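Student: Sequence:
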Amino acid sequence: MKTSFFYAFILLIVFFGLSGFANEALYGKCKGCHGADGSKKAYGVANPLKGQSQEDIINKLNGYKNGTYGGAQKNIMANQVKNLSDTDIKSLAEYISKF
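Position one of the sequence shown corresponds to residue 20 (our numbering), numbered consecutively onward.
Bear in mind the hints are in silico, worked out from the structure with no lab data behind them.
These numbers were taken from a predicted model, which means no experiment stands behind them.
Please note: incorrect hints may appear among the correct ones.
[Unchecked claim] EDC-like cross-link-like pairs, simulated, lysine to aspartate or glutamate; straight-line CA separation at most 20 Å:
{"no.": "1", "residue 1": "K50", "residue 2": "E113"}
{"no.": "2", "residue 1": "K117", "residue 2": "D105"}
{"no.": "3", "residue 1": "K50", "residue 2": "D75"}
{"no.": "4", "residue 1": "K48", "residue 2": "D105"}
{"no.": "5", "residue 1": "K50", "residue 2": "D107"}
{"no.": "6", "residue 1": "K60", "residue 2": "D105"}
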């Protein structure tokens with residue numbers, strides 16, 4: 020009984036640890052424009068990501084993906100999000116919202 024509990028505990032640690040790593044990896048391509056902590060104004064015009072809610076980020080990323088959101092630089096973001104799944108967008112938004 021103790022052994023199976025131990026293995027279940029280890030699996031939870033691995034899963035949640037790798038999940039956090041995956042979210043950080045997803046954000047990796049965002050760092051150049053938005054900064055490591057999301058506090059940079061991309062291209063000097065975009066609002067910093069830091070401080071935005073998960074819901075707002077999801078809405079904006081989906082808007083970039085479907086072409087309903089963004090200003091003059093929206094093609095850059097549309098290119099970045101076009102291959103993200105709904106799960107990727109949710110995970111990325113959750114990660115960014117914690118900055």
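Student: Confirm or reject each hint.
Tutor: Going down the list of hints, with the structure as the test:
1. With a CA separation close to 16 Å, the supplied pair K50 and E113 stays within the 20 Å bound.
2. Using a Cα cut-off of 20 Å, the hinted pair K117 and D105 holds, with the two alpha carbons roughly 19 Å apart.
3. With a C-alpha separation of about 19 Å, the suggested pairing of K50 with D75 holds against the 20 Å cut-off.
4. This hinted pair checks out: K48 and D105 have alpha carbons roughly 17 Å apart, not beyond 20 Å.
5. At roughly 16 Å between alpha-carbon atoms, K50 and D107 fall within 20 Å of each other, so this suggested pair holds.
6. Taking the CA atoms of K60 and D105, the gap is about 25 Å. The hint is violated against a cut of 20 Å.
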